[in-house]
Amino acid sequence: MNCESASKCRVTAFMTSSLGKKFTVGAAGLLLCGFLLVHLAGNMFLFVGEGAFNHYAELLAHNELLPLAEAVLALLFIAHIVFAIKVRFENAGARPVAYESYDDKGGRTMGSKSMSYTAALVLLFVIVHLKTFRFGDDKDGLYKLVVDWFHNPLYAGFYVVALAGLGLHLSHGFQSGFQTLGLNHPKYTPIIRKLSIAFALLIFLGFASMPIYFGFLGGPR
Amino acid sequence: MKLTLKVWRQKGHNDKGSLVEYQAKDVSPDMSFLEMLDVVNEGLIKKGEDAIAFDSDCREGICGMCSLVINGKPHGPELGTATCQLHMRTFSDGDTIVVEPFRARAFPPVKDLAVDRSSFDRIMQAGGYVSVNTGNAPEANANLISHHTAEKAMDAAACIGCGACVAACPNASAMLFVAAKVSQYALLPQGQPERAKRAMAMREAMDDEGFGNCSNEYACEAACPKDIKVENIARLNREHLRAMICSDE
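So the sequences go chain by chain: E and S. Per our numbering, the very first residue in the first sequence carries number 1; after that it's consecutive. Per our numbering, the very first residue in the second sequence carries number 1; after that it's consecutive.
Simulated from the structure, these hints should not be mistaken for lab results. Just so you know, not all the hints are guaranteed correct.
Some chain S residues near chain E, calculated using beta-carbon distances under 8 Å [unchecked claim]:
#1 M1
#2 T4
#3 L19
#4 Y22
#5 R89
#6 E100
#7 N136
#8 A140
#9 G210
#10 A222
#11 A223
#12 E231
Note that CB positions come from ideal geometry on N, CA and C, so glycine has one too.
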C-alpha cells in the first residue's frame, strides 16, 4: 500500500468517503445478521430443557476460540454503530432548513423511516441483555438465570418490544446491506427485498418466542 | 378552479423566508403548474407586488430546470412527471397547495422558489464527460455494445439533473444523480478509459458539495421525473469499490 500522504492512502480515502462509511455499516450489519442466526439456533436449546441448554452454554463458554469470536463480534458492533452515527449526524446537517410539509412519493417503508429509533432501542436492549446474561450470575446454570428473568413479565415484555424493534430494523437493514455492497440485480433484488421481511420476521418471532413462552404462556421454571 | 396557494417567499440567501398565502382564481384545469404560477405572477405585477421567483426553461419535461416541492412532494403528486408537465386537473377546486423550494445545504436558496443547483454542474465537471478529440462521427459498428446494455445506458442518461432526488431524500443525498451519470458512461464503450477515475472523482465532488449520505430509502426513485432506478446506485457503489480496489490511477 502506497501511503505517502493521508490523501493518497486508498484505505483512508475509502473509509472517510460517503460510500466507504456506508459500506462499513452495510458489511458489518450483514455479518451481524449471520451472528443473529447462529445465536437463535443455539438459544432453541432453551425449549429442549435445562440439561441441554446448560450443556450447550458450557460448551460455548469453554471453547478456546470464544474470546476471539467475542472480540470480532464486539468490533462488528462498534464499527456498525460508530459509522452509522457518523453518517446520521452528517445527514442531519445536509438539510439545514426543514420542509414545511414533507411527503415521500413512495420508496420509504416503516422500517426505513424508523431506523434511528429502532437502532437506539436495539442498543439499549444489547446493553441490558449483556448485563443480565453475559455478565450475570449463572452459578446455578445459565438456564435458571434466563428462565428466572423471563418469568418477570416486565423484563419479558421489554424483550418482546425490543425484539420487534430489531425486526423492524432488519426489515430495512438486510436488503439495504446488499444494495450498499452493490449487489442489485433485476432478477434477485425483488427476492432479496422479500427475504428481508422474512428474515426480520424469523428473528423477531424466533427470539421473542422465548420471553413469551416463559413470561406469558406459563413455561416451566 | 379556485385555489389557495401557500408559497415560500424569501428575498435572498440571507433572508429567513416564510410561507405567504395567495388566492389563485380562474385557474384552468388544462394549465400546467408553472402556467398557473405565471397567472398568479401577472396578478401580483399588476398590483405592483414582487413576482414569485421560480426556475423554468423548456416546459416540456426535458431540460431539468423546473423544480418545486408541491404539498411536500418534489415535482408534485404525479409519478414520472416534472412540474412543467404537471397539470392543474391533478388538483381539485378549492384545494390548498403548499409550494416550497428544493431544500438542501448543497442547493442554497437564491430567491423564493429558485435555488442554486450549480453543485450538480461541479460534480459533472469532476468527471461527467468523455475525453475524446472531436472529429468525424465514427463508423456506427466500430464500438461494439449489446442492445440491452445500450438501453440501460440510455435509461441512466435520461436523467435531466433537476435535483428532485436530492429534494426527496430524507438525507438530501445526491446519490441517484451521481449514480445515473456514472452509470451512463460505465455502461458505454466510450466511457471505459476513464471509468475508475470518473467514479472516484465524481464521488469526491459529491461529498465536497455537502450532500448527505444515501441510506437506501428509495424516495429518490419514486420522486424522479425520469424514473431513474436505484439499481444505478448499486452500480455506483460497485464502480466506486472497483475503482478503489482494482485501479492504480
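Hints and how they fare:
1. M1: Hint violated; M1 (chain S) Cβ to chain E Cβ min 21 Å, cut 8 Å.
2. T4: 14 Å, violated
3. L19: 6 Å, holds
4. Y22: Result: violated, 15 Å to nearest chain E Cβ.
5. R89: Hint violated; R89 (chain S) Cβ to chain E Cβ min 19 Å, cut 8 Å.
6. E100: The hint holds - E100 (chain S) has a Cβ within 8 Å of chain E, the shortest such distance being about 6 Å.
7. N136: Hint violated; N136 (chain S) Cβ to chain E Cβ min 37 Å, cut 8 Å.
8. A140: 28 Å, violated
9. G210: With a minimum Cβ separation of about 6 Å from chain E (threshold 8 Å), the hint on G210 (chain S) holds.
10. A222: 3 Å, holds
11. A223: Nearest chain E Cβ about 5 Å off; hint holds.
12. E231: Nearest chain E Cβ about 5 Å off; hint holds.
Checked against the numbered hints above, the structure breaks hints 1, 2, 4, 5, 7, 8 and satisfies the rest.
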